[in-house]
Amino acid sequence: MTQTRALRTKRKKSRNDLSGYFYIAPFFIVFGVFGAFPIVYTAWIALHDWNPIGTQTWVGLDNFTFLVSDPRFWNAVRNTFSIWFISTVPQLLFALILAAALNNALLKWATGYRMSILVPQVTSVLAVGIIFTQIFGREFGLANYLLESFGMERLDWQSGVLSSHVAISTMVMWRWTGYNALIYLAAMQSIPRDLYEVADIDGANTFRKFFHITIPQIRPAIIFTVIISTIGGMQVFAEPLIFGGNSNFTGGSDRQFQTLTMLLYEQGFGRFKFGYASAIAWALFVIILIVSIVNYMITRRISRE
Amino acid sequence: MTTILRRTSEEPDSGKARPRSSSRRGPSWWVYLLLTLFVLASIFPFYWMFVVGSQDSSAINDVPPAMVPGPNFWDQTLEVFNRVDFGRALLNSMIVATSIAMGQVLFSALAGYAFAKLRFPLKNTLFVFVIATMMVPLQLGVIPQFILISELGWVNDLRALIVPGIVTAFGVFWMRQAFDQGVPDELIQAAKVDGASNIRTFWSIALPVVRAPSAVLGLFAFMFAWNDFFWPLIVLNKQDSFTVQVALRQIQNQAYVTDFGIQMTATVLATIPLLVIFVVFGKQIVGGIMEGALKG
Numbered sequence: 004m005t006q007t008r009a010l011r012t013k014r015k016k017s018r019n020d021l022s023g024y025f026y027i028a029p030f031f032i033v034f035g036v037f038g039a040f041p042i043v044y045t046a047w048i049a050l051h052d053w054n055p056i057g058t059q060t061w062v063g064l065d066n067f068t069f070l071v072s073d074p075r076f077w078n079a080v081r082n083t084f085s086i087w088f089i090s091t092v093p094q095l096l097f098a099l100i101l102a103a104a105l106n107n108a109l110l111k112w113a114t115g116y117r118m119s120i121l122v123p124q125v126t127s128v129l130a131v132g133i134i135f136t137q138i139f140g141r142e143f144g145l146a147n148y149l150l151e152s153f154g155m156e157r158l159d160w161q162s163g164v165l166s167s168h169v170a171i172s173t174m175v176m177w178r179w180t181g182y183n184a185l186i187y188l189a190a191m192q193s194i195p196r197d198l199y200e201v202a203d204i205d206g207a208n209t210f211r212k213f214f215h216i217t218i219p220q221i222r223p224a225i226i227f228t229v230i231i232s233t234i235g236g237m238q239v240f241a242e243p244l245i246f247g248g249n250s251n252f253t254g255g256s257d258r259q260f261q262t263l264t265m266l267l268y269e270q271g272f273g274r275f276k277f278g279y280a281s282a283i284a285w286a287l288f289v290i291i292l293i294v295s296i297v298n299y300m301i302t303r304r305i306s307r308e
Numbered sequence: 119m120t121t122i123l124r125r126t127s128e129e130p131d132s133g134k135a136r137p138r139s140s141s142r143r144g145p146s147w148w149v150y151l152l153l154t155l156f157v158l159a160s161i162f163p164f165y166w167m168f169v170v171g172s173q174d175s176s177a178i179n180d181v182p183p184a185m186v187p188g189p190n191f192w193d194q195t196l197e198v199f200n201r202v203d204f205g206r207a208l209l210n211s212m213i214v215a216t217s218i219a220m221g222q223v224l225f226s227a228l229a230g231y232a233f234a235k236l237r238f239p240l241k242n243t244l245f246v247f248v249i250a251t252m253m254v255p256l257q258l259g260v261i262p263q264f265i266l267i268s269e270l271g272w273v274n275d276l277r278a279l280i281v282p283g284i285v286t287a288f289g290v291f292w293m294r295q296a297f298d299q300g301v302p303d304e305l306i307q308a309a310k311v312d313g314a315s316n317i318r319t320f321w322s323i324a325l326p327v328v329r330a331p332s333a334v335l336g337l338f339a340f341m342f343a344w345n346d347f348f349w350p351l352i353v354l355n356k357q358d359s360f361t362v363q364v365a366l367r368q369i370q371n372q373a374y375v376t377d378f379g380i381q382m383t384a385t386v387l388a389t390i391p392l393l394v395i396f397v398v399f400g401k402q403i404v405g406g407i408m409e410g411a412l413k414g
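Those sequence lines, one after another, are chains A and B. The opening residue of the first sequence carries number 4 in the working numbering; numbering runs sequentially from there. The opening residue of the second sequence carries number 119 in the working numbering; numbering runs sequentially from there.
Don't read these hints as lab results, they were simulated from the structure. Just so you know, these numbers come straight off a predicted model, no measurement behind them. Treat each hint with caution, since some may be false.
To be verified - Derived DSS-like pairs (lysine-lysine); straight-line CA-CA distance at most 30 angstroms:
hint : chain 1 : residue 1 : chain 2 : residue 2
1    : A       : Lys212    : A       : Lys111
2    : B       : Lys401    : B       : Lys310
3    : A       : Lys276    : B       : Lys401
4    : A       : Lys111    : B       : Lys356
Unchecked claim - With beta-carbon atoms standing in for the labels, derived distance ranges:
hint : chain 1 : residue 1 : chain 2 : residue 2 : range
5    : B       : Arg201    : A       : Leu149    : 15 to 23 angstroms
6    : B       : Thr216    : A       : Gly57     : 32 to 40 angstroms
7    : A       : Leu149    : B       : Ile249    : 39 to 47 angstroms
8    : A       : Tyr299    : B       : Asn355    : 35 to 43 angstroms
9    : B       : Arg201    : A       : His215    : 51 to 59 angstroms
10   : B       : Leu151    : A       : Phe213    : 17 to 25 angstroms
11   : B       : Met253    : A       : Val164    : 41 to 49 angstroms
12   : A       : Ile290    : B       : Asp193    : 16 to 24 angstroms
Claimed, not checked - One-sided excerpt, in silico: chain A residues whose CB lies under 8 angstroms from chain B:
hint : residue
13   : Leu129
14   : Trp177
15   : Ala224
16   : Ile226
Here a beta-carbon is modelled for each residue, glycine too, at the ideal position from N, C-alpha and C.
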């Protein structure tokens with residue numbers, strides 16, 4: 004006791020370690036050059052008609068006014084939101100169920116289950132894209148084989164708006180469900196046992212306990228996963244790109260599954276319109292910000308009940 | 119009391135013998151069924167990749183589809199190496215992912231140590247800044263990043279991937295927590311009393327204590343770098359600079375007729391290194407994700 008007090012006063016007396024700046028310098032320098040500066044500079048480029056090998060002309064807000072009148076932009080917004088919604092809602096519900104099933108101290112092979120559900124997460128996104136593009140193929144895909152064996156019509160997954168979104172969402176969902184389940188599981192395991200014991204005494208059944216104790220207690224984890232999947236979902240790129248095969252960055256013949264990052268890439272590195280691509284980047288940034296805030300508020304309210 | 123009971127009952131044998139009251143019962147059969155379904159769903163596409171990748175290209179048309187691996191994996195592998203320089207791509211990915219993993223651990227440890235254990239003006243403000251940047255999608259700066267990389271002459275150069283990748287806000291956050299929880303202030307004070315310099319205290323006293331979380335960070339960084347696609351696709355246009363992911367895209371793109379057999383073989387090859395890491399370190403990775411969840 005006296006020892007800690009002595010140490011504490013000693014620490015108070017000790018002067019600042021200015022050498023701390025040397026420790027944090029590498030992070031701040033590299034991050035400043037390759038992270039922070041480009042984000043700010045994007046705003047500057049967005050105000051220009053900027054051709055990387057040609058001229059750079061100041062155009063004011065023209066790129067932004069063009070953006071809001073560009074049907075390709077709104078199409079990409081719709082696709083991005085649709086894919087995000089179709090992938091996130093079932094993904095988080097499955098993750099909750101999975102975590103609840105794993106959250107039992109007497110479960111056998113617990114480590115095996117946890118590792119297995121994480122396999123999709125360590126599979127590269129390109130691999131996921133290629134595997135599922137094959138599964139959702141029109142001619143010889145496994146999905147159509149299953150549809151047919153259940154007596155249903157085979158689908159041209161790629162050509163439809165909704166069917167292509169479902170296929171792409173399946174990839175996202177497959178990759179992330181296990182990861183989210185582990186986050187929920189960690190949160191569930193840190194819930195104090197007494198809460199459940201009190202509920203047992205009150206005679207609450209499993210489902211009541213789940214909705215009135217578990218869900219409110221893991222609220223921070225739920226908010227975390229919702230925000231992470233929002234930020235990721237708004238930037239979804241590789242899955243729709245691979246799903247499109249050779250159609251490159253347009254996301255299908257009618258742009259039926261072109262997402263915002265694909266449009267950004269198409270304009271920036273397909274057509275070298277750096278100014279317009281930068282405007283798309285900023286729009287995407289604002290969208291992510293708004294959606295994150297809205298989700299945060301909704302999630303808070305829902306899981307509080 | 120309950121915690122003690124739970125601890126002991128975690129051993130499988132004692133669990134069976136224990137009388138079953140409602141709060142200490144093992145999961146019922148439908149929980150196992152449910153989990154088995156989830157596991158199958160997680161593993162199957164992976165297995166499917168091996169199946170298709172080891173059949174010859176025409177087998178993909180079979181009805182019903184083949185469900186067991188075929189004999190052609192080796193021939194297909196040779197074909198993959200014929201079409202693109204896949205060996206070079208594997209080597210490039212290895213170089214990039216290893217450099218990023220080592221750099222991230224080193225620089226994150228340095229910054230994390232300073233934020234956890236040193237005192238200097240504006241420390242808290244700077245740390246709040248680090249946390250805030252974790253929320254910013256850095257992809258959005260991709261246009262100026264590309265301009266910058268061109269100015270540096272790093273297009274088609276692995277440095278374009280490595281240098282921006284060696285620091286992350288997440289890494290700093292992670293290592294700060296590690297030092298904060300793992301290294302008691304007393305240990306550092308004692309080292310100072312013994313006359314060790316700051317950097318020596320960091321390197322020989324504090325860093326060895328946080329070996330485990332550093333390793334987990336390194337694994338995360340490696341896997342993330344291995345799987346990165348958006349940025350490499352932008353800055354790498356020449357075969358000899360391709361990473362595995364870009365090479366995969368090339369294989370998918372160059373065929374006139376979609377040849378899923380070859381694509382899947384290449385996918386298997388691209389995934390093997392990650393699979394090895396996962397088999398060896400899977401437990402730590404799972405632990406890392408679950409720990410990270412509690413910190414966040």
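Q. Going through the earlier hints one by one, which of them does the structure break, listed in rising order?
A. 2, 3, 4, 5, 11, 12, 16
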